[in-house]
Amino acid sequence: MNDRREVQLSKLLSWLLRHGANKEGLQISNDGYIAVSELLLHHSFRGKYNKSDIIRVVENNSKKRFKLRQNPQNNILEIKANQGHSIDINNTDLIQILEPKYQTLVHGTYFKYWPKIKNAGLHHMSRKHIHLSKALADGIRFYESENGVVLTEGNVNGYLEPKYFSKVTIVKTGQQIYP
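In terms of the working numbering, the sequence shown is numbered consecutively and its last residue is 606.
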């Protein structure tokens with residue numbers, strides 16, 4: 428499989444495993460796993476990809492977005508996304524961070540989103556610098572996924588407020604725009 432096909436398969440897996448499983452009628456377990464054999468029967472995979480292709484994408488994905496397992500009850504090969512779900516799953520692999528293991532977290536986003544982030548904060552999928560120890564002290568919960576991504580649900584409204592940003596920098600220019 429060439430790099431282009433590998434990227435296409437990775438994007439397809441990301442969408443189905445994080446967002447589209449229920450809509451597409453796929454059986455997803457409470458903890459986010461789908462049988463690889465079921466995926467391969469889906470119209471987006473059938474005749475285009477095989478089990479080896481999926482295994483290769485999981486093994487080669489530099490961000491470790493996916494996890495494979497043999498189901499302990501039936502020995503069927505299953506796959507899940509490690510984080511980033513919009514569908515409800517019970518992700519028991521997330522480890523709650525109780526002490527400031529990281530002083531600063533760095534996330535990236537597009538500059539066009541900055542005015543909204545500056546006023547309201549980060550909201551589900553938006554990204555910027557976050558001062559972890561201040562947020563932890565205020566009761567904001569953080570989790571680390573199996574692939575090392577730090578996640579938060581934010582406050583009761585789903586936001587991580589700008590008061591937790593230590594700084595915001597435009598990567599291309601190095602210009603600091605906050606505080």
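I should point out that these hints are in silico values taken from the structure, not numbers from a laboratory.
Owing to the predicted nature of the structure, the values given are computational and were not obtained by experimental measurement.
Hints may be right or wrong, so weigh each one.
[What the hints assert, rightly or not] Here are the simulated EDC-like cross-link-like pairs (lysine to aspartate or glutamate), alpha carbons at most 20 Å apart as the crow flies:
| id | residue 1 | residue 2 |
| --- | --- | --- |
| 1 | LYS491 | GLU588 |
| 2 | LYS590 | ASP565 |
| 3 | LYS491 | ASP480 |
| 4 | LYS450 | GLU526 |
| 5 | LYS494 | ASP565 |
| 6 | LYS438 | GLU451 |
| 7 | LYS561 | GLU580 |
| 8 | LYS494 | GLU588 |
| 9 | LYS490 | GLU433 |
| 10 | LYS491 | ASP565 |
| 11 | LYS438 | ASP480 |
| 12 | LYS539 | ASP520 |
| 13 | LYS594 | ASP565 |
| 14 | LYS539 | ASP480 |
| 15 | LYS528 | GLU573 |
| 16 | LYS475 | ASP515 |
[Unchecked claim] Computed beta-carbon distance windows for the label pairs:
| id | residue 1 | residue 2 | range |
| --- | --- | --- | --- |
| 17 | PRO499 | ASN582 | 18 to 26 Å |
| 18 | ALA564 | ARG483 | 13 to 21 Å |
| 19 | THR596 | LYS475 | 19 to 27 Å |
| 20 | SER456 | ILE482 | 35 to 43 Å |
Cβ coordinates follow ideal geometry from the N, Cα and C atoms, glycine included.
Here's how the hints hold up against the structure:
no., hint, verdict
1, LYS491 to GLU588, "28 Å, violated"
2, LYS590 to ASP565, "11 Å, holds"
3, LYS491 to ASP480, "15 Å, holds"
4, LYS450 to GLU526, "38 Å, violated"
5, LYS494 to ASP565, "33 Å, violated"
6, LYS438 to GLU451, "15 Å, holds"
7, LYS561 to GLU580, "15 Å, holds"
8, LYS494 to GLU588, "32 Å, violated"
9, LYS490 to GLU433, "14 Å, holds"
10, LYS491 to ASP565, "31 Å, violated"
11, LYS438 to ASP480, "13 Å, holds"
12, LYS539 to ASP520, "33 Å, violated"
13, LYS594 to ASP565, "19 Å, holds"
14, LYS539 to ASP480, "36 Å, violated"
15, LYS528 to GLU573, "15 Å, holds"
16, LYS475 to ASP515, "28 Å, violated"
17, PRO499 to ASN582: 18 to 26 Å, "37 Å, violated"
18, ALA564 to ARG483: 13 to 21 Å, "44 Å, violated"
19, THR596 to LYS475: 19 to 27 Å, "41 Å, violated"
20, SER456 to ILE482: 35 to 43 Å, "19 Å, violated"
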